[in-house]
Amino acid sequence: MSGSLVIKLRPDLSRDEARNDSTLCFEWSWAPPAGPEHDFRGLFVRHYDEIRSSLETLGGPGLVAVVIGPSGFEGSAALAAKADSINALTIGRHGSAELYLSQDRSLSLRQGAILLYPLVIGQGVRFRVLDLRSARPFEDARGRPFEALEADGPVFLRAGAYALFLFPREADSPPWSGSPEDVWAAMPEVAYLEEAGLAREPAAGAAVDPWAGLDSEATLVLKLPGPRFEPDGLLGGDEEPHGQLVVRSGEGEMRLVLGRTAVRHGVLLGRYERCDGSRRRVLAHFGISRVHALVIEIAGKVYAVDAGSRNGLWLRSERVRLAPLGPGQTVALANLATMEWAFTH
Numbered sequence: 228m229s230g231s232l233v234i235k236l237r238p239d240l241s242r243d244e245a246r247n248d249s250t251l252c253f254e255w256s257w258a259p260p261a262g263p264e265h266d267f268r269g270l271f272v273r274h275y276d277e278i279r280s281s282l283e284t285l286g287g288p289g290l291v292a293v294v295i296g297p298s299g300f301e302g303s304a305a306l307a308a309k310a311d312s313i314n315a316l317t318i319g320r321h322g323s324a325e326l327y328l329s330q331d332r333s334l335s336l337r338q339g340a341i342l343l344y345p346l347v348i349g350q351g352v353r354f355r356v357l358d359l360r361s362a363r364p365f366e367d368a369r370g371r372p373f374e375a376l377e378a379d380g381p382v383f384l385r386a387g388a389y390a391l392f393l394f395p396r397e398a399d400s401p402p403w404s405g406s407p408e409d410v411w412a413a414m415p416e417v418a419y420l421e422e423a424g425l426a427r428e429p430a431a432g433a434a435v436d437p438w439a440g441l442d443s444e445a446t447l448v449l450k451l452p453g454p455r456f457e458p459d460g461l462l463g464g465d466e467e468p469h470g471q472l473v474v475r476s477g478e479g480e481m482r483l484v485l486g487r488t489a490v491r492h493g494v495l496l497g498r499y500e501r502c503d504g505s506r507r508r509v510l511a512h513f514g515i516s517r518v519h520a521l522v523i524e525i526a527g528k529v530y531a532v533d534a535g536s537r538n539g540l541w542l543r544s545e546r547v548r549l550a551p552l553g554p555g556q557t558v559a560l561a562n563l564a565t566m567e568w569a570f571t572h
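Using the working numbering, the letters of the sequence shown map in sequence onto residues 228 to 572.
Because the hints were derived from the structure by calculation, they are not lab data.
From the three backbone atoms N, C-alpha and C, an ideal C-beta is built for every residue, glycine too.
Be careful, since some hints might not be right.
[Claimed, not checked] Calculated pairs, DSSO-like style, for lysine-lysine (alpha carbon to alpha carbon, straight line, at most 27 Å):
1. K450 with K309
2. K528 with K309
3. K450 with K528
[Stated by the list, open to error] Label-pair ranges, simulated between beta-carbon atoms:
4. G322 with S280: 21 to 31 Å
5. V410 with F570: 19 to 29 Å
6. R273 with E467: 49 to 59 Å
7. E444 with T565: 26 to 36 Å
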């Protein structure tokens, strides 16, 4: 059983983040809680036809994300791998998210993001899942919470009452054939690198790829810290500054000096208290979402990623899902603030 009763004088108040002190609201909602563990195999077999159809929408290398919720198959999203840029999608309870998880109100409006790494010839498709400092973190298939993880093969995750199936696809990946039980049995094992003693998070200030030299038929998973949080001051501890993020609006200017580790794990910008710099007025305008953008370095490039904001990121008068950041490259948040990145040498 699931259902909701909502009495409001203004529809979709919670989804568009409106605020009105004269609005009378009463809400009740319920979704079946996640059990001690999702039966991923049972869900895969039960929804095999929808999952396989979702994979067929991807015409080349990339990633397909499938969501199974309390009521069954919820939907899917496909990310095509690019040679010169990451690709991204957002997950959450806000209508701007590409994967919209509406039935579990324990999840955040901007729950997380999936970042697909640039395509490298001779290297498998890799991706990162990040929790955006949500109220209820993602969990891996064993029910263990995590802040971020990287993987190069199929992984199955939980987001509250939802099961997420993530399938990277190579250019020459054959179509699935046989029964759903046979396809499931052929899925690669998952190897958590930190448990195998192979996790090699680069030391502070280093730019070493922790995956270099690793090769396995298993899905390799590397757990990482998520976006750092220091609302004021230097992000990066005792590291040498790697660069600075400059944010400007009609309310003033903010400069966040970042070490390499901080920018590699990510920085959140927005009005909400879980965002960096949220105590400063520069991002105080209500047209800027509570969690508006993620700034992160992937494969040596710094990107601004829309975190599922209502009014978006803008690059040269065009709304974009993500944009590279660099000296002289300005990206606008909702056309109310701008940000740019400057490396420190």
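Going down the list of hints, with the structure as the test:
{"no.": "1", "hint": "K450 with K309", "verdict": "24 Å, holds"}
{"no.": "2", "hint": "K528 with K309", "verdict": "14 Å, holds"}
{"no.": "3", "hint": "K450 with K528", "verdict": "21 Å, holds"}
{"no.": "4", "hint": "G322 with S280: 21 to 31 Å", "verdict": "24 Å, holds"}
{"no.": "5", "hint": "V410 with F570: 19 to 29 Å", "verdict": "46 Å, violated"}
{"no.": "6", "hint": "R273 with E467: 49 to 59 Å", "verdict": "52 Å, holds"}
{"no.": "7", "hint": "E444 with T565: 26 to 36 Å", "verdict": "46 Å, violated"}
In terms of the numbered hints stated before, the structure departs from hints 5, 7, listed from lowest to highest.
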